[in-house]
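Going line by line, the protein sequences match chains A and B.
Letter by letter, the first sequence follows residues 0 to 193 in numbering that gives the first Met the number 0.
Letter by letter, the second sequence follows residues 0 to 193 in numbering that gives the first Met the number 0.
Everything labelled a hint here was simulated from the structure, so no lab data went into it.
One or more of the hints may lead you astray.
Here are some, though not all, of the chain B residues that point toward chain A, as calculated from beta-carbon distances under 10 Å [said to hold, decoys possible]:
(1) Asp49
(2) Phe178
(3) Trp179
Predicted, not measured: the structure shown is a model, and the values here were computed from it.
We put the beta carbon where it would ideally sit given N, CA and C, even for glycine.
Take a look at the letters that make up each chain.
There are 2 protein chains.
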Amino acid sequence: MKTLDFYFDFSSPYSYLAATQLPALAARAGATVHYRPVVLFAVFKAAGNDMPAKVPTKGAYMLKDLERWARHYGVPFRFSSHFPSNTLKAMRLVHVAADQGKAEAFTQAAFRAMWAEDRDLARPDTLADLARGVGLDPEAALAAIETQPIKDRLRADTDAAVTRGMFGAPAIYVGDELFWGNDRLHFVEEALKG
Amino acid sequence: MKTLDFYFDFSSPYSYLAATQLPALAARAGATVHYRPVVLFAVFKAAGNDMPAKVPTKGAYMLKDLERWARHYGVPFRFSSHFPSNTLKAMRLVHVAADQGKAEAFTQAAFRAMWAEDRDLARPDTLADLARGVGLDPEAALAAIETQPIKDRLRADTDAAVTRGMFGAPAIYVGDELFWGNDRLHFVEEALKG
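Hey, can you work out the whole structure from these sequences and the hints?
As structure tokens, this is what we get:
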């Protein structure tokens, strides 16, 4: 089975856009998506990169560009009023969900919550609701994300992504090949089919 | 007649990639391309932006990404051994060529020289050769690029681009709408047709 590693942070709107397309892309290519949350702030720091919106005119441009992509894909999008939200706990919850075979369902629900429904992923009640929505026990899930093994997995994936060469989000790996950005999904699909 | 403003610096390889596609795109959309060279270094500085390759892993990634796009388009590409070349004189020559209706021919030839043929645009003999190739008098052209009015036009276009909101290259404007990057040409075409 072919696989792709999808490295993202819920705080990245371009990662949301990519996430809306990946299930169908993977189905077309006969591949599996590995959902790998990473702490984007730590990736930027380790790579020597800056937040894209540090440049004011670039930040303004990106708001329009994000809307163009959402229209192009036909997916809902609303720039989060909670940005930059603390997404650490939501990202740890991906690992809890993964242990029950629900990484994709939870990841997609959390992305929609942040970038289509303007919900705050830093709030425990949001997380409990999202966990419940994909069939997880919310109390057990919220307890699990405070445990060291789950914290360690998020950190380990973040470190591994930087070592592989990630410098921004989303980053998609097919084997050793890196594809950066929602705007490279056609190359990802080619690489999976090639 | 619909128009698009194509802001570029010959030193930008993504601008070269976009330039290879623009004549056909404009023909499909019934539009005219205005070739507008700008001093990218000055744009970065004014916008508070950095050279993309300042981040080492990003620079390494871009080399592969450029090759993917060239293969995707079926156009020749070889990363210039003269990068970053001084492209000021070549960009002034676009204005000299424009005054004789040869902006597109000269721009395309100079981009190919830098990014497909590994020629150095900082050399007067390269410029003379390119000028001759598009039917300009090379001696007159090389004299013209040292005159103040031609220098002023390059500077004025650079300032105007920054004022419009340009922060990186290539930048394409359709009316007031900015599209940044070789990877947004599909949105450019939609905007021209819309």
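How the hints compare with the structure:
The beta carbon of Asp49 (chain B) comes within 7 Å of a beta carbon in chain A, closer than 10 Å, and the hint placing it at the interface holds. Among the interface hints, the one on Phe178 (chain B) holds; its C-beta lies about 8 Å from the nearest C-beta in chain A, closer than the 10 Å criterion. A least Cβ separation of about 6 Å between Trp179 (chain B) and chain A falls short of the 10 Å threshold, and the interface hint therefore holds.
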